[in-house]
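Peer 1: The lines below spell out each chain.
There are 2 protein chains.
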Amino acid sequence: MTDVSPLQTPPQDPSADDHSRLAKLTLRRVLIDTYHENVAYMHRDCEIYRAEGFKALSKIEIRTNGHSILATLNVVDDHNIVACGELGLSKAAFAQLDVEEGHSATVAQAEPPASIGALHRKIDGERLRAEDFHSIVQDIANHRYSKIELTAFVVACDRDELDREEVFFLTDAMIAAGRHLNWHETLVVDKHCIGGIPGNRTSMLIVPIVAAHGMLCPKTSSRAITSPAGTADTMEVLANVELPMGQLQDIVRTHRGCLAWGGTANLSPADDVLISVERPLSLDSPGQMVASILSKKISAGSSHLVLDIPIGPTAKVRSMPEAQRLRRLFEYVARRMKLSLDVVITDGRQPVGNGIGPVLEARDVMQVLENDPRAPIDLRQKALRLAGRLIECDPDVRGGDGFAIARDILDSGRALAKMNDIILAQGSKSFDHHQPDLGLLTLEICAQTAGVVTGIDNLQMARIAGLAGAPKVPSAGVDVLRKLGDEVQVGQPLYRVHASYAADLEFARQACARSTGYTIGSAADVPHVFVEF
Amino acid sequence: MTDVSPLQTPPQDPSADDHSRLAKLTLRRVLIDTYHENVAYMHRDCEIYRAEGFKALSKIEIRTNGHSILATLNVVDDHNIVACGELGLSKAAFAQLDVEEGHSATVAQAEPPASIGALHRKIDGERLRAEDFHSIVQDIANHRYSKIELTAFVVACDRDELDREEVFFLTDAMIAAGRHLNWHETLVVDKHCIGGIPGNRTSMLIVPIVAAHGMLCPKTSSRAITSPAGTADTMEVLANVELPMGQLQDIVRTHRGCLAWGGTANLSPADDVLISVERPLSLDSPGQMVASILSKKISAGSSHLVLDIPIGPTAKVRSMPEAQRLRRLFEYVARRMKLSLDVVITDGRQPVGNGIGPVLEARDVMQVLENDPRAPIDLRQKALRLAGRLIECDPDVRGGDGFAIARDILDSGRALAKMNDIILAQGSKSFDHHQPDLGLLTLEICAQTAGVVTGIDNLQMARIAGLAGAPKVPSAGVDVLRKLGDEVQVGQPLYRVHASYAADLEFARQACARSTGYTIGSAADVPHVFVEF
Numbered sequence: 001m002t003d004v005s006p007l008q009t010p011p012q013d014p015s016a017d018d019h020s021r022l023a024k025l026t027l028r029r030v031l032i033d034t035y036h037e038n039v040a041y042m043h044r045d046c047e048i049y050r051a052e053g054f055k056a057l058s059k060i061e062i063r064t065n066g067h068s069i070l071a072t073l074n075v076v077d078d079h080n081i082v083a084c085g086e087l088g089l090s091k092a093a094f095a096q097l098d099v100e101e102g103h104s105a106t107v108a109q110a111e112p113p114a115s116i117g118a119l120h121r122k123i124d125g126e127r128l129r130a131e132d133f134h135s136i137v138q139d140i141a142n143h144r145y146s147k148i149e150l151t152a153f154v155v156a157c158d159r160d161e162l163d164r165e166e167v168f169f170l171t172d173a174m175i176a177a178g179r180h181l182n183w184h185e186t187l188v189v190d191k192h193c194i195g196g197i198p199g200n201r202t203s204m205l206i207v208p209i210v211a212a213h214g215m216l217c218p219k220t221s222s223r224a225i226t227s228p229a230g231t232a233d234t235m236e237v238l239a240n241v242e243l244p245m246g247q248l249q250d251i252v253r254t255h256r257g258c259l260a261w262g263g264t265a266n267l268s269p270a271d272d273v274l275i276s277v278e279r280p281l282s283l284d285s286p287g288q289m290v291a292s293i294l295s296k297k298i299s300a301g302s303s304h305l306v307l308d309i310p311i312g313p314t315a316k317v318r319s320m321p322e323a324q325r326l327r328r329l330f331e332y333v334a335r336r337m338k339l340s341l342d343v344v345i346t347d348g349r350q351p352v353g354n355g356i357g358p359v360l361e362a363r364d365v366m367q368v369l370e371n372d373p374r375a376p377i378d379l380r381q382k383a384l385r386l387a388g389r390l391i392e393c394d395p396d397v398r399g400g401d402g403f404a405i406a407r408d409i410l411d412s413g414r415a416l417a418k419m420n421d422i423i424l425a426q427g428s429k430s431f432d433h434h435q436p437d438l439g440l441l442t443l444e445i446c447a448q449t450a451g452v453v454t455g456i457d458n459l460q461m462a463r464i465a466g467l468a469g470a471p472k473v474p475s476a477g478v479d480v481l482r483k484l485g486d487e488v489q490v491g492q493p494l495y496r497v498h499a500s501y502a503a504d505l506e507f508a509r510q511a512c513a514r515s516t517g518y519t520i521g522s523a524a525d526v527p528h529v530f531v532e533f
Numbered sequence: 001m002t003d004v005s006p007l008q009t010p011p012q013d014p015s016a017d018d019h020s021r022l023a024k025l026t027l028r029r030v031l032i033d034t035y036h037e038n039v040a041y042m043h044r045d046c047e048i049y050r051a052e053g054f055k056a057l058s059k060i061e062i063r064t065n066g067h068s069i070l071a072t073l074n075v076v077d078d079h080n081i082v083a084c085g086e087l088g089l090s091k092a093a094f095a096q097l098d099v100e101e102g103h104s105a106t107v108a109q110a111e112p113p114a115s116i117g118a119l120h121r122k123i124d125g126e127r128l129r130a131e132d133f134h135s136i137v138q139d140i141a142n143h144r145y146s147k148i149e150l151t152a153f154v155v156a157c158d159r160d161e162l163d164r165e166e167v168f169f170l171t172d173a174m175i176a177a178g179r180h181l182n183w184h185e186t187l188v189v190d191k192h193c194i195g196g197i198p199g200n201r202t203s204m205l206i207v208p209i210v211a212a213h214g215m216l217c218p219k220t221s222s223r224a225i226t227s228p229a230g231t232a233d234t235m236e237v238l239a240n241v242e243l244p245m246g247q248l249q250d251i252v253r254t255h256r257g258c259l260a261w262g263g264t265a266n267l268s269p270a271d272d273v274l275i276s277v278e279r280p281l282s283l284d285s286p287g288q289m290v291a292s293i294l295s296k297k298i299s300a301g302s303s304h305l306v307l308d309i310p311i312g313p314t315a316k317v318r319s320m321p322e323a324q325r326l327r328r329l330f331e332y333v334a335r336r337m338k339l340s341l342d343v344v345i346t347d348g349r350q351p352v353g354n355g356i357g358p359v360l361e362a363r364d365v366m367q368v369l370e371n372d373p374r375a376p377i378d379l380r381q382k383a384l385r386l387a388g389r390l391i392e393c394d395p396d397v398r399g400g401d402g403f404a405i406a407r408d409i410l411d412s413g414r415a416l417a418k419m420n421d422i423i424l425a426q427g428s429k430s431f432d433h434h435q436p437d438l439g440l441l442t443l444e445i446c447a448q449t450a451g452v453v454t455g456i457d458n459l460q461m462a463r464i465a466g467l468a469g470a471p472k473v474p475s476a477g478v479d480v481l482r483k484l485g486d487e488v489q490v491g492q493p494l495y496r497v498h499a500s501y502a503a504d505l506e507f508a509r510q511a512c513a514r515s516t517g518y519t520i521g522s523a524a525d526v527p528h529v530f531v532e533f
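Protein chains in written order, with the working numbering: chain A, 1 to 533; chain B, 1 to 533.
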């Protein structure tokens with residue numbers, strides 16, 4: 001049992017036969033959602049539990065039908081959950097075994113995953129080699145790490161612990177552990193933002209613009225992790241985003257673009273597992289951010305990527321030197337991976353657009369596509385500039401011409417037509433952005449003093465929208481009515497909170513009472529625009 | 001909900017009343033042992049789950065009856081575990097609420113524990129202040145940290161991350177979070193080993209010796225964490241070790257000593273929680289080791305401590321410079337805490353005594369106390385030297401006289417008489433060390449080549465004894481028959497494995513096949529004795 005066999009292959013280690021001599025337990029699915037952690041449940045009185053010397057939270061190896069998984073043991077004292085002689089498995093763990101309930105399995109004390117030695121070297125501050133990262137990432141992707149081990153890896157790799165060579169190794173290992181898409185074209189473009197800016201839904205404008213230009217842009221997006229809406233959540237207001245891979249590929253071939261959820265694509269399974277501990281810790285170190293983003297883009301078959309790094313006092317990146325450091329790290333790893341990368345540092349001082357939350361953001365996007373006079377200008381401008389940069393990846397486009405081409409596509413209605421094609425192809429939902437279905441419980445936060453808006457806290461606005469219910473309640477969120485530099489009088493509304501449940505509105509109200517997220521001052525106090533591009 | 005109220009006190013924050021307006025759930029105990037982590041279970045279809053926008057693994061705050069706890073949410077799809085309208089709580093979490101099943105409770109999204117900011121600063125490599133450690137340790141002791149947050153703290157504080165001032169702060173914070181014992185005497189002695197050496201049961205000899213000398217020695221010990229036996233496990237072969245605090249204090253007053261399990265004493269509750277992640281990670285950084293050991297000793301009321309740091313190629317400490325560094329850290333923190341500390345660096349090249357496992361170790365201890373000619377000399381000598389150092393804390397004893405006094409107490413049978421008094425007082429168990437009840441399934445590992453024993457791997461011997469069933473099966477373990485420097489012929493047994501279950505013996509056999517733990521060579525290869533004392 002030293003060398004635990006990988007998933008989906010028959011056991012290969014010399015002691016494999018010993019499992020057949022061990023007592024058997026009957027498998028039972030325990031309908032507890034432990035997210036990405038494999039948990040096994042055994043009754044305290046079960047003879048095998050007693051005989052094997054297992055301890056609560058110890059790692060056990062489960063074998064059945066040629067498969068082998070590791071799981072963390074929870075001891076149970078309730079026969080309704082598992083009886084003696086049964087082995088309960090959490091939903092995630094059960095799914096990996098590919099057998100029916102009632103099948104028999106053997107259990108043994110697990111040897112630690114092969115990569116634990118490398119993990120300990122990283123905890124001790126050592127530099128790891130390519131093969132160490134491959135071994136760790138494979139174990140993570142195969143669910144062989146417990147939540148505790150995952151956390152140890154994430155924390156040990158945090159800020160300043162990975163050098164750029166290691167970030168390249170990690171990226172490469174993440175790609176190797178997942179699925180690769182091949183579009184059989186030389187130019188496959190994509191766009192990504194490192195996140196942190198509410199309302200920043202430029203992808204839903206850029207994809208139809210560049211696809212209308214004829215470029216292949218198979219955009220898969222994430223759902224919100226800690227934010228009040230991800231692109232997938234907002235797109236879901238307009239269309240189905242959970243598409244089988246075959247259908248997604250058909251849509252991309254037909255329409256040159258899509259706006260789908262990437263969760264089913266299995267492009268970087270280790271990254272999906274790591275998020276389960278990064279999210280509760282709010283950890284997002286440069287090395288892991290670069291590896292996570294670039295591994296997914298490269299696995300998705302992109303050849304050219306435009307990357308948006310917003311900076312501002314409440315953005316993820318708060319100073320120009322920090323943004324430049326991050327840019328260099330992205331560029332180094334992209335070059336090693338042969339991905340053509342164009343980093344754009346953007347204004348992240350405040351939310352982009354007006355709406356924060358899926359329905360509100362979908363409204364903004366459709367207003368821009370329809371050239372509606374109410375459309376938020378900042379969202380339109382930012383999308384055009386980024387789309388322009390992508391269009392300039394086209395060898396037939398002269399440097400500097402991209403913006404005008406993008407604007408022409410948008411103004412002419414070709415972007416809207418392309419978006420409607422994509423929506424129809426993915427499966428459209430009924431949505432009228434002229435009368436969006438917003439949460440009916442509302443709350444307006446008004447200025448307490450007259451002056452000029454000098455600050456809008458991205459984090460607090462995201463928090464308020466989240467407490468109001470977004471993204472789980474798509475109609476919930478915050479409608480921003482005043483932006484940086486706007487003059488306000490006492491009592492004028494700064495933003496409106498929408499919720500669908502009284503408790504949610506109450507949570508949001510309490511958050512607003514602690515901090516509105518706005519500062520009002522004089523025009524001179526509006527922070528410097530970090531970027532003009 | 002910003003300032004979450006501490007356990008056992010009524011809510012104090014301004015938003016407390018808002019909980020009374022929230023929908024109520026009925027509490028249910030879910031008999032799953034999640035060790036020290038609070039886990040809450042809600043049905044996926046429960047309206048409150050849906051309305052509140054909770055996510056799997058998100059942290060929720062539960063309030064009932066003036067109590068408030070945080071828990072990690074697991075989503076359940078089985079009405080037999082929790083039904084809609086019910087809130088399931090793991091055993092550990094339920095116990096903290098001090099209410100009956102069926103009681104109602106409110107839930108809300110939890111604000112992060114107050115100390116999360118400090119945790120993030122430590123992850124970023126900052127030096128923390130005393131108040132940061134107090135805040136973190138209080139949150140840990142009050143079960144407000146998830147397993148993920150605990151792991152992040154442990155890893156961030158690992159090797160070289162805490163300076164000695166921070167270790168002092170951490171120690172002080174751990175003491176403040178627990179119970180303090182006061183023996184109302186000026187001289188309260190204790191002895192501790194940093195661990196890692198199998199069979200090293202000197203405490204069970206030192207306590208009766210120094211108590212027979214009249215010194216107060218209220219020894220509380222741990223059970224095995226990763227080792228095949230802790231002092232509490234071995235003492236439990238002879239006597240009851242789980243004593244209510246009142247009885248324990250009575251025994252100490254009457255007999256000047258005890259050998260009890262410290263788990264019920266609540267001396268350093270944060271440390272008990274941290275062990276739940278340190279154990280699976282096998283992490284034991286110097287800072288945390290010092291804080292853990294010294295906080296428990298000081299909380300237990302000790303004024304004088306002799307600390308044993310064994311060094312050897314497979315001990316926790318592997319070089320003299322490392323041992324000296326650790327000694328200085330212990331001494332610095334002890335001086336800040338006004339604990340009189342005597343650090344003894346000892347020979348950790350091999351197991352101490354012959355037996356590894358509760359029954360085998362109890363046999364060795366009783367042989368030494370009875371001056372049995374079969375008694376292991378190394379165990380006797382080490383115990384006498386450490387006891388001598390403790391006896392020299394007595395102001396009436398001249399420096400250098402301790403060893404002779406200890407030897408006289410042991411040789412005269414006074415130590416045995418004292419041990420029998422303590423065993424009787426704690427509640428004796430039937431144990432005949434002349435015919436110890438050893439596991440009947442045995443396996444002898446024999447020398448493959450002739451020569452001299454030049455190495456015995458502490459870790460491998462502990463591992464084999466653990467796989468054989470120790471400490472859960474007290475009669476299981478390893479009986480060491482040859483020690484360093486002993487000559488062996490081909491086929492002569494090196495050690496004997498005892499087990500009570502066939503599967504255990506099989507696991508141990510496989511481990512022995514991978515590595516016996518022994519190296520045989522020539523007399524010149526026996527490693528240098530690091531220490532003579």
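The hints are simulated quantities; they were obtained by calculation from the structure and are not laboratory data.
Accuracy of the hints is not assured; some may be wrong.
To be verified - A few chain B residues that don't get close to chain A, going by computed Cβ distances all over 10 Å: (1) Asp77; (2) Asn80; (3) Ile81; (4) Ala95; (5) Val99; (6) Ala108; (7) Asp124; (8) Ser135; (9) Asp250; (10) Arg385; (11) Gly413; (12) Leu416.
Stated by the list, open to error - Cβ pair distances, simulated, as ranges: (13) A:Gln324 <-> B:Asn182: 56 to 62 Å; (14) A:Glu100 <-> B:Glu101: 23 to 29 Å; (15) A:Ala95 <-> B:Asn182: 52 to 58 Å.
For each residue, glycine too, the CB sits at the ideal point set by N, CA and C.
Peer 1: Determine whether the non-interface label on B:Asp250 survives the test: each CB of chain A must be over 10 Å from its CB.
Peer 2: Consistent with the label, B:Asp250 stays out of reach of chain A, its closest Cβ about 32 Å off (over 10 Å).
Peer 1: Against chain A, does B:Ile81 hold up as non-interface, every C-beta pair farther apart than 10 Å?
Peer 2: violated, 6 Å
Peer 1: If we take the beta carbon of B:Leu416, is the closest beta carbon in chain A still more than 10 Å away?
Peer 2: Given that every Cβ of chain A is farther than 10 Å from that of B:Leu416, nearest at about 32 Å, it holds.
Peer 1: Does B:Ala95 sit more than 10 Å from chain A, CB to CB?
Peer 2: holds, 13 Å
Peer 1: Should the label of B:Asp124 as a non-interface residue stand, given a Cβ cut-off of 10 Å to chain A?
Peer 2: Incorrect as stated: the minimum Cβ-Cβ distance to chain A is 6 Å, not above 10 Å.
Peer 1: For B:Ser135, which was marked as not at the interface, is the minimum beta-carbon distance to chain A over 10 Å?
Peer 2: holds, 17 Å
Peer 1: Would you check whether the claim that B:Ala108 is not at the interface survives, using Cβ distances to chain A and the 10 Å cut-off?
Peer 2: Incorrect as stated: the minimum Cβ-Cβ distance to chain A is 7 Å, not above 10 Å.
Peer 1: So the hint says 56 to 62 Å: do the beta-carbon atoms of A:Gln324 and B:Asn182 match that?
Peer 2: The hinted range 56 to 62 Å holds for A:Gln324 and B:Asn182, with Cβ atoms some 59 Å apart.
Peer 1: Is the claim that B:Asn80 lies outside the interface with chain A correct, judged by CB distances over 10 Å?
Peer 2: violated, 5 Å
Peer 1: Since B:Val99 was said not to touch the interface, does its Cβ keep a gap of more than 10 Å from each Cβ of chain A?
Peer 2: holds, 19 Å
Peer 1: May I ask you to check that B:Asp77 keeps its beta-carbon over 10 Å from the closest beta-carbon of chain A?
Peer 2: violated, 4 Å
Peer 1: Would you say B:Gly413 is clear of chain A, with no C-beta pair closer than or equal to 10 Å?
Peer 2: Consistent with the label, B:Gly413 stays out of reach of chain A, its closest Cβ about 37 Å off (over 10 Å).
Taken one by one, the earlier hints fail for this structure at numbers 1, 2, 3, 6, 7 and 14, listed in ascending order.
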